[in-house]
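In case you want the letters, here they are:
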Amino acid sequence: MNEIKTDALIIGGGAAGMAAAVEVVERGYRAILIERDESTGGVLNQCIHNGFGLHVFKKELTGPEYAHLFQKQMNQKGVEIHSNVFVLEIDRKNKKVTTMTRSGICEYSTKVLIMCTGARERPFGNLRIPGDRPAGIFTAGVAQKFVNLMNVLPGKKAFVLGSGDIGLIMARRLTLEGMKVMGVAELMPYPGGLARNIVQCLDDFDIPLYLSTSVTKVSGKNRLESITLCEFDRETREAVPFSAREVEVDTLILSVGLIPQNELVEDFVKVDSINRGLTVDNYGRTSEEWIFAAGNNVAVYDLVDFVTLEGKNAGQSASEYIKEGILPKKTVKVARGLNVGVITPLRVCTYGQPFTLFIRPGKSMKKAVVSICGGLKTFVKMAVKPAEMIDITVSSDLLENIRAKGFEEIKVDIEEVE
Amino acid sequence: MDKKKIVVIGAGVIGSAISRELCRYDFDVTLLEKNTEAGMGVTKANSAIVHGGYDDDPQSVRARFCAAGNDMFEGYCTELGVDFKRIGSYVLAFAESEMPYLKELQKKAIVNGIKGCEIHDAATILRREENISDEVCGGFWCPTAGITEPWMLAIASVENAVANGLKVRYEENAIDIKKSEKNGVLSVDGVLTDKNFYEADVVINCAGLYADTIVEMAGTQNIDLHPRKGEYILLDKKLGNLVNTIIFPVPDKKSKGILVVPTIDGGLLIGPTAEDLDRERREETSTTQNGLNQVVEKTMSMVKKIDLSLTVKTFAGLRPETPQKDFVIGLTALKGFINAAAMRSPGLTSAPAISKYISQVLVPESIGENCREKAGFNPVRKKDVRPATLPAEDWEKLVKEDDRYGNIVCLCNKITEMEIIEAVKKGARTVDSVKFRTRASFGRCQGGFCLPKIVEIISRETGLEPEKIRLSENGSEILIGKVRI
Amino acid sequence: MGNKKEITCIACPIGCSLHVEINGSEITVTGNRCKRGENYAFNEITNPRRTVTSNVKVVGGEFPLASVKTSDAIPKKMLFDLIESLREITLKAPVHIGDTVIKNFRDTGIDVLITREVGKK
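Chains as they are written, first to last, in my numbering: chain A, 1 to 418; chain B, 1 to 485; chain C, 1 to 121.
If you are wondering where the hints come from, they were derived from the structure by calculation, not from laboratory data.
Built from N, CA and C at the ideal position, the CB exists for glycine as well.
Do not take every clue at face value.
Stated by the list, open to error - Short derived list, chain A residues pointing at chain C, Cβ under 7 Å:
(1) ILE48
(2) HIS49
(3) ASN50
(4) GLU65
(5) ARG196
(6) VAL199
(7) SER371
(8) GLY374
(9) GLY375
(10) THR378
(11) MET382
(12) ALA383
Unchecked claim - Derived lysine to aspartate or glutamate pairs resembling DMTMM-like cross-links, with alpha carbons at most 20 Å apart:
(13) A:LYS221 <-> B:GLU467
(14) A:LYS180 <-> C:GLU38
(15) B:LYS400 <-> A:GLU416
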């Protein structure tokens with residue numbers, strides 16, 4: 001058994017992990033980043049489309065380019081990358097992480113742990129869609145990996161279930177690479193992805209978008225032969241009788257949600273049931289004082305730029321923790337008010353530094369006011385929609401104000417205005 | 001003396017067990033299977049239960065073989081290196097009106113010779129099983145029931161049989177049974193498949209849902225088989241400890257009922273429904289909204305905390321059922337043609353006992369001579385290496401021998417690259433074959449992370465282009481072609 | 001003789017619904033809140049352009065494909081032409097981010113560049 005001591009151990013070499021690791025070494029501490037795959041980059045490696053980095057680099061980059069910039073930074077600054085390393089268990093008491101590697105067991109002892117384990121795709125089986133179980137049903141990420149990294153096409157004629165960005169991107173990708181995409185179905189009465197993607201992935205290719213529609217049956221003996229689409233009532237969410245129609249396709253692509261992955265720590269670290277991810281404070285700290293977290297395993301974000309910011313924040317805070325051995329303990333709860341869905345951080349240390357609050361609105365609003373602490377501070381936001389997270393900067397002034405006024409919790413509301 | 005030739009049709013849990021038993025003797029045994037892998041028919045999609053045998057009608061054929069099979073099961077699994085756990089079972093009454101049934105079970109158990117069965121009151125049950133619904137009135141406890149991995153039994157039996165001389169042919173469909181008069185008696189000549197003709201002195205019909213078709217080819221008395229569909233929902237390992245034992249309701253007229261049963265690898269299975277289909281629908285392994293709803297409704301009324309958001313997958317299996325609800329095992333009017341058919345529940349449990357009966361009683365009777373034991377028959381199959389189930393130090397030893405044991409491909413179940421390579425070396429050519437042999441892709445992400453890697457490994461180890469790799473049977477290719485040629 | 005079109009503006013997240021009327025060479029845009037919207041609609045009608053990302057084949061590399069992008073937005077009508085051209089290309093590993101795959105595609109002044117590092121196998 002190999003034993004390695006480090007200042008910081010980062011689990012996960014995707015966008016969040018890479019950003020966190022760089023922050024730690026920049027402050028002079030030892031950072032080891034462990035990644036279960038062959039190389040770092042995470043899902044960025046297969047996202048060959050544009051749109052990454054607009055906030056962080058003021059440039060439009062593709063996924064591999066974005067990942068490469070961080071890989072260069074990590075190399076230049078001395079982040080130790082251990083790939084093909086699989087975490088078996090985390091010893092909470094002794095701050096040890098036991099892993100299996102290609103050379104055997106490696107046990108890492110660390111002062112601080114940063115969990116950047118991302119999210120997994122919701123699989124077909126979880127939907128409980130009746131019918132057969134033929135070949136030809138893929139989650140969008142698997143199809144993307146086959147196409148962009150392995151040079152193989154999943155089929156000839158596809159249908160996409162779920163109009164989130166991943167589904168829209170794949171509708172375009174499969175069309176460009178030689179498949180026919182018959183349509184995209186979305187259960188909600190509004191699209192799940194950015195307007196820009198509706199235009200550039202669907203409209204550009206005359207791919208129809210069927211709202212309030214879902215797949216209610218899949219048919220095919222060995223390979224998918226057809227799917228049944230059904231309309232769903234906007235209010236009752238029940239299938240509309242006699243609205244079923246069959247579409248002949250040999251491929252079904254699923255883009256039906258991402259699920260944060262926290263199996264390694266969820267038995268002893270607090271998980272929020274609405275975010276479905278680890279609860280963190282504005283330091284990126286979890287309910288365990290030595291464990292920080294950032295990225296899709298905290299909450300599912302829309303933009304990798306936000307994940308990078310969260311990773312940086314966690315890396316910075318983790319470095320503070322290494323230095324001081326502790327961070328300010330007292331935090332207040334962030335409470336969900338009107339129209340607030342996924343939100344992070346969920347706890348705030350009001351003595352801490354300014355931070356960004358990320359909120360997924362519960363519904364579309366042409367014009368909205370985000371209200372902090374019942375109107376203590378408000379922000380006007382235009383064209384609010386569930387597909388796009390709102391980012392609110394909570395400044396030192398606002399934090400001071402919250403402290404001064406003695407608020408026991410920070411309530412966040414999003415109200416529609418004229 | 002020329003060795004007698006025996007052809008077994010169907011490599012499900014019955015056909016593979018029989019083939020293996022026959023390899024103890026001096027026979028030339030060939031096993032024919034229409035699919036690409038053993039155990040992928042009825043054997044693949046059932047509750048995986050080794051039944052106690054208390055509820056079989058004492059006059060039935062089932063009763064003869066179920067309790068005997070149950071007794072043999074532990075040894076059988078140990079020999080073959082397949083997992084088996086004797087976790088016991090409860091038949092639960094949720095209304096006072098159901099209580100008399102439990103007493104009936106107790107009586108039948110005694111007649112069937114099942115030991116250790118007891119009737120427990122609600123308090124006892126709730127102490128042992130904290131998640132049972134508070135409506136429970138009482139339960140019939142049978143300590144001998146257990147759970148196993150049915151397809152692995154078929155695969156392992158075939159592997160061990162092959163090591164002992166069995167010839168197995170996959171992707172071969174029997175299309176006719178050739179017969180002629182020998183010494184005034186109509187006897188089998190052999191089996192004609194879509195690829196070959198196999199001479200045979202004995203043909204054993206283990207063709208599952210198609211056993212009646214094989215009987216038609218033989219021209220003997222027909223079996224009135226029809227498929228009975230059972231739908232299931234498999235739940236995440238996070239619910240694996242919801243119950244400690246197999247939970248049956250008091251059954252209705254059709255079947256043992258919709259159950260809650262732990263799986264051998266730590267998950268939770270709920271189901272099956274029981275829907276009788278026409279004979280023509282014996283390929284219909286599709287689930288239905290009604291069926292899945294039934295499963296949910298019934299199991300949630302029995303067990304608390306069934307969280308459907310933790311669904312891993314849904315599936316349906318077909319059982320071959322007859323109006324008599326019993327096995328059809330025996331010689332026929334065609335000399336040499338033996339049936340081991342209509343293997344509905346408890347077919348899996350009965351497999352080891354049936355295989356002994358076929359090889360020790362029916363085959364000798366059919367050929368008119370005693371079977372000669374073969375020297376050097378080795379009943380033991382080395383258990384597949386599953387590093388993730390070993391203590392970390394033992395796993396590390398394997399990694400030091402071959403670092404591919406340190407490369408985890410299926411993240412949910414911690415299945416290593418080497419295990420997948422081993423499966424391919426043993427003959428796995430399809431994704432399902434790899435999945436069922438290794439449990440890769442069985443986890444909560446359902447191949448979300450590992451499917452591309454599995455395809456890559458199969459491609460690399462077999463030389464098959466990724467677009468030629470099938471999920472299971474012909475026409476189930478996972479991928480279609482290249483992006484860039 | 002007028003032609004009408006409804007398009008969603010993607011210049012900013014508001015996504016105004018634009019109503020465009022085309023009368024010969026005259027284009028009228030309504031429904032926009034700002035000038036960017038008007039420009040977007042105008043461009044979408046007269047000369048829609050898109051950045052294209054795709055893949056090219058690589059031999060001898062750690063991956064069978066290298067991802068590529070156009071250096072700027074190309075006329076939308078050239079999209080499938082570009083993809084067809086990419087099908088003809090095979091590169092030898094190693095390839096680096098920024099390498100030029102196609103220079104000045106069809107005289108647009110726009111190049112196709114590599115976006116993924118692909119080392120030798």
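* Please name the hints from earlier in the document that this structure breaks, with their numbers sorted from lowest to highest. => Of the numbered hints given earlier, those the structure breaks are 7, 8, 9, 10, 14 and 15, listed in rising order.
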